[in-house]
Every structure is written in structure tokens, then in C-alpha cells.
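K.L.:
One letter stands for each residue in the lines below.
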Amino acid sequence: MAELKAAAPPRNWIPVVALGWFIPGGGHFLLKRPGRGAILAACVALMFLLGLMMRGAMFQWQTGDLLTTVIYCGGFIGDLMSGVLFLLARAFGYEQPDMAGHVHDYGTKFLVAAGLLNILAMVDAYEIATGRKD
Amino acid sequence: MPKMKLSHFEASLLFALLTSIVLGIISKRTDRERLRYAAYCFGYFVVAIFALGWLMYLGHG
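So the sequences go chain by chain: A and B. If you read the first sequence in the numbering used here, its first letter stands for residue 17, the second for the next number, and so on. If you read the second sequence in the numbering used here, its first letter stands for residue 344, the second for the next number, and so on.
Because the hints were derived from the structure by calculation, they are not lab data. Bear in mind that the values here come from a model prediction, so they are computed numbers and not experimental data. Glycine included, each C-beta is placed from N, C-alpha and C at the ideal position. Mixed in with the good hints there might be a few duds.
[As the list claims (entries may be wrong)] What the simulated footprint calls covered on chain A by chain B, stretch by stretch (three residues with Cβ under 8 Å from a Cβ of chain B suffice, anywhere in the stretch; the number is not a length): (1) 27-39; (2) 114-122; (3) 131-138.
If we strip away everything but chain A, and leave its shape as in the complex, we get (with noise of 0.2 Å):
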């Protein structure tokens, strides 16, 4: 059986929580696992790149019944969860309206998912740095 190390000390999540958001990884490369945060970062890059090439809509923040609500601001937090990313295409000037086509609504759909991979890499970054894992 592969002999497990132990879990790092506890240190302060935040930073690396942060980091994780801003550089998808970056909270790994802070707590010296730089395999793994390799590995995100391009997995959460690459799901974001064929987002926009796929020319996906960005959600923007909207409220109303229930179910826009749920859409519209949930897809905003999914597609900001990519930090730099969504940062830098919204400076680009990246805007996509919302069209028909299937390829456009996967489009959409990997943007938000580019975010809710990041927000699985942010939490295995905190379980990391308040030893819960190694």
C-alpha cells in the first residue's frame, strides 16, 4: 500500500483561497503543490477558452421571478469564479449577445462550468491549508 504523508500544519486560508480565485491553481502553487495546480489551472483555462471560442454568452446580473433570478445571477457568480480570466475578457471587451445554436449555448454552458471547476479547486485549496488533507 502507497504510504500516505501527513496532512501539512493549519495555516491561513485566505490568502490561498483568494489566489485561487484570482489564477485558477495559484492556491495550490502557494501551498507547494505545483502538479496539481498545474493541472487546474489548465483544465479550468482550457473549459474557458473553448467557452469563448465557442462564442458563449456572459450572464449578466438580473433579477425577477425566482428562475431568473436563479439563472441569470447564478450564471453571473459561475462565470466570475474564473477570475482572471472572466476579468480579462471583459476587459478585452468580450460581449456576446445571447443567440440560437447549439454551439453557442455550450459556449455559455463552459464558461459557467470554467467557474464551477474553480470554485472545486478553491475548496481542495482550503481543505489543503487548514490540514484536512494533504
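Chain A is already provided as a structure; the job is to place chain B on it using the hints.
P.N.:
Frame of chain A, contents of chain B only:
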């Protein structure tokens, strides 16, 4: 930025692949377990893609 044109199947496979890798990386403790879990998730994604594809095809009539 180049524009991509993918079929439903290609887009679903790409989604499944990237999601499976992340799930494998964050869920398990050793590299061997991670690889196995990622492959396991990817396999289930592919099975679900085919199952739902056939379900929609048959349901559509």
C-alpha cells in the same frame, strides 16, 4: 479568437474529459487513485451521454 464548430457529441466529450480530470485531482489522495477515479468518471459521463442521447432520440419519436 478562432471560432469553433463542434457537434453535441464532441462538446459533451470535451466537457466530460475536463470535468473528470478536475474531479479526479481534487477527490483522491494518490496519483494512482486520481487517475483511476478520473477514468471512472469519464466512463460514466460517456455512458450517460449515450443513454440520454438514445432516450431523447426514442422519446422524440
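K.L.:
Does each hint fit the structure? Answer for all of them.
P.N.:
Verification of the hints:
Remark: the segment 27-39 of chain A is not confirmed as covered by chain B, as 0 of its residues place a Cβ nearer than 8 Å to a Cβ of that chain, below the required three. Here the segment 114-122 of chain A counts 3 residues with a CB under 8 Å from a CB of chain B, which clears the bar of 3, and the coverage holds. By the rule of at least three residues with a Cβ nearer than 8 Å to a Cβ of chain B, the coverage given for the segment 131-138 of chain A holds, with 3 such residues.
Violated hint: 1 only; the structure is consistent with all others.
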